[in-house]
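*Asks:* From first to last, the protein sequence lines stand for chains A and B.
With the working numbering, letter number 106 in the first sequence gets 106, and the count goes up by one each step, no holes.
With the working numbering, letter number 308 in the second sequence gets 1308, and the count goes up by one each step, no holes.
Just so you know, these hints were derived from the structure itself, not from any lab.
Note that CB positions come from ideal geometry on N, CA and C, so glycine has one too.
Incorrect hints may have been included.
SDA-like cross-link-like pairs, simulated, lysine to any residue; straight-line CA separation at most 25 Å [claimed, not checked]:
(1) B:Lys1124 to B:Glu1089
(2) A:Lys227 to B:Ile1355
(3) B:Lys1007 to A:Gly185
(4) A:Lys14 to B:Ile1355
(5) B:Lys1159 to A:Ser353
(6) B:Lys1159 to A:Ile161
(7) B:Lys1168 to A:Ile161
Heads up, incomplete: computed chain A residues facing chain B, CB under 10 Å, no partners named [what the hints assert, rightly or not]:
(8) Asp38
(9) Lys112
(10) Val259
(11) Glu264
(12) Ile305
(13) Met325
Protein chains: 2
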Amino acid sequence: MLEFENKRLELIEKIEEFIRRKQYAALRDLLCLLEAADIAPLMDGLSEEDLPLLFRLLPKELAAAVFVELDSDEQELLIQGFSNTELKEVLDELYLDDAVDIVEEMPAGVVKRILMHSDPDMRKSINEILKYPEDSAGSIMTTEFVDLKTSMTVADAFKRIRRTGPDKETINICYVIDDNRHLIGLVSLRTLLLAEEDAVIGDIMETNFVSVSTLDDQEYTARTLSKYDFLALPVVDTENRLVGIVTVDDAMDVLQEEVTEDIEKMAAILPSDKPYLKTDIFEMFKSRIPWLLLLMISATFTGQIISSFENALAAATILTAYIPMLMDTGGNAGSQSAVTVIRGISLNEIAFSDILRVIWKEIRVSLLCGLTLATANFLKLILIDQMLFHNSAVTPMVALVVCSTLIVTVFSAKVVGCALPLLAKRVGFDPAVMASPIITTIVDAISLSIYFSFASAILHLG
Amino acid sequence: MLEFENKRLELIEKIEEFIRRKQYAALRDLLCLLEAADIAPLMDGLSEEDLPLLFRLLPKELAAAVFVELDSDEQELLIQGFSNTELKEVLDELYLDDAVDIVEEMPAGVVKRILMHSDPDMRKSINEILKYPEDSAGSIMTTEFVDLKTSMTVADAFKRIRRTGPDKETINICYVIDDNRHLIGLVSLRTLLLAEEDAVIGDIMETNFVSVSTLDDQEYTARTLSKYDFLALPVVDTENRLVGIVTVDDAMDVLQEEVTEDIEKMAAILPSDKPYLKTDIFEMFKSRIPWLLLLMISATFTGQIISSFENALAAATILTAYIPMLMDTGGNAGSQSAVTVIRGISLNEIAFSDILRVIWKEIRVSLLCGLTLATANFLKLILIDQMLFHNSAVTPMVALVVCSTLIVTVFSAKVVGCALPLLAKRVGFDPAVMASPIITTIVDAISLSIYFSFASAILHLG
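Isolated chain A (complex conformation) (with noise of 0.2 Å):
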């Protein structure tokens, strides 16, 4: 990995030197060598004038590969410097669901220009697959698949395949329509190849298969094609009539995107979609202060809780130095079940009507952590705190208070921790948002009211 970043840096010291010396013969050989994938974040650290002269040497295919790999930032600075002629070269030589991404991206002005020089046929799929919702299957989807009749042969197929199968983004597998666009059955490039010459697609072809539609949510359609380890996924539309397909590797980026937004909602972040080195610092602060603000007014009213047992804590004020132990062996007892469900519910590996089960399970595991972190804690109050450090406030009666209160809270963290996350997601709600920070708070609260109450009785304060 480290070696990989050192190999970035001297790439790019190699780049800037031919391109200096004004070697571009050199530099277009040293390019060839390399991935579209590796191009583009060697173009990242270009300045205005190098990016255009830099993608102008790449021969057409690798540039329009390139292309797709760029941030949309550096797009736009080529589009905008790009010819007419230019524009055409590259967007000629796109796949139709990456063009449709960058138009996403672009401001109107260069939609505008794309469209015009996209031919018909591209323009007109390009503007079918903007309908969509954004993170629909309809969204992420290809309009360029192979499409097959019921009555070809397999010879048949084949010519079709070598006729259109250039622009087509996979013909790995192929898709069976009747005359009105129906979706009947599919076709692998492998039986194909296997089958006699003059066999009839009608009967060969898997009628038993799995399709999305188009209004979907993305990360359904990515998981779906992940769980049966397709290559790609039909899309049909309400009256079941194929429109598109999902490919692999789109589906990989999906999954990848929505993990991020997961993590990110996990601590308490509004997602983005954009690299973090990307990112400016409004648009981090627009994204991280919302939570940070409401988790710091609810958390207020655990100081209520504070406030209101003063009497408590001035009678005995060793009590306040176990405070930030039991919040944070809360939070994290609390937050420890809660990413464990919610990914276990964004797996579907835990559903709604497991709700008792699991919290059966977090209730016996609770109380396992709960009084081996009580009978430690207990040991180390009285051993380290009584006995060596002569603090004559840490009464056996004191370290009762905590470790019962430890084991309580414990107990709350882990049941209040599971059940959160699988009730939000009944009521519609997304999971995520109900890990840590939101635990934590409620957790706080939770724990310190049963911590001054067993200090009350205990104790005898209050």
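Starting from the known structure of chain A, fit chain B onto it as the hints suggest.
*Replies:* Okay, now just chain B, sitting in the frame of chain A:
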């Protein structure tokens, strides 16, 4: 999603009904309409008698596909009940990498029986793959791929694919090797299909390809495949000899697992690879207690800080009421930064060399967040606590102490939160471990020290 859950419950009922009435033909027809990945979870709840019964109803190919999708407990149960012929039949249908996955999960006795009944080629390959360290590219690869020679024509290649293809996991990409099995190029099925029959492989193959080594990490392997949008990635040994390929479906699974692991680590859980409902409570206890204990002990240091300012607190008990708010806000602000940076690292968007840019970004964001939170909190203290609730202890000076602590807390939380994961990465630790729980513990100590210093200075306490 909910619909899906209902459909599952309905199916289970139907299946149990069929079993009770011994309507096996109808049951078989029902199952044959489903995909293997859908049948496996249905078998989850079956009794030890019904499981083999249902399994034996399935046609051979479907049975093998379902077998792969089952949990290892159920696989073991089935294998125990298989006759030798049955075991051999299932094994013959399995792809090599699936067979390896199964062998890895089985107890020694079962492994021996599996190896005894695999055909000699598969046995050799299984033993080969088992040699590679867990989590390496070698351990997730399959050795079932199509290899071609440079001198072959396209027609020869198709002959070879038709002959050997049925047993290969993928034929979409074929690998070109020399006489010593060195990998020298690759050619996609698409290229073969679109080429002339008499074209020579050496002329049409892609020689500019990406490969991984057998000992490369599985996550690195999966990310590489995903980065380049490949359907399979060749795996070579130290002498560049082709030993296997990793296919996109396995790469997706690896990414899924690795993300789950990262999320668990971020929540202070030792990662396990079992689904939640399958993990017994002692395993859960063992994966959760170490961090809880460690963090509990660290949190007692924070308690020491409070103890050492006992006098300040006794003089102004109102200060205690704001401890939870300061601790929670610090923890949340820190984990926002930590989690964002950890995710950026694992997506290769952030490297250690970016550390200064990252810190500078976080400093500016933290000032924006800190000032906003402090302003909101100051207004709340004065308008609500002091004026509305007439809490005379909340003086403007106390508000000043609380709010300036808030700014410094958010500042240090964000700087520590972004820097620690990068430093961990640098020294070869897992950055994911440096997430919320550890950051929270560190930030607690910092923020309370600042709180009491400010209190001493501004309120002249102590």
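*Asks:* Indicate, hint by hint, whether the structure satisfies it.
*Replies:* Structure-based check of all given hints:
1. B:Lys1124 to B:Glu1089: It holds: about 18 Å lies between the C-alpha atoms, which stays within 25 Å.
2. A:Lys227 to B:Ile1355: Violated, at roughly 38 Å.
3. B:Lys1007 to A:Gly185: Distance of about 23 Å is within 25 Å: holds.
4. A:Lys14 to B:Ile1355: Status holds; Cα separation ~23 Å.
5. B:Lys1159 to A:Ser353: Violated. Lys1159 of chain B to Ser353 of chain A sits at ~53 Å, over the 25 Å cutoff.
6. B:Lys1159 to A:Ile161: Holds. Lys1159 of chain B to Ile161 of chain A sits at ~19 Å (cutoff 25 Å).
7. B:Lys1168 to A:Ile161: holds, 22 Å
8. Asp38: holds, 8 Å
9. Lys112: Result: violated, 29 Å to nearest chain B Cβ.
10. Val259: At about 5 Å, which falls below the 10 Å cut-off, the nearest Cβ of chain B leaves the hint on Val259 of chain A intact, so it holds.
11. Glu264: holds, 7 Å
12. Ile305: holds, 8 Å
13. Met325: holds, 4 Å
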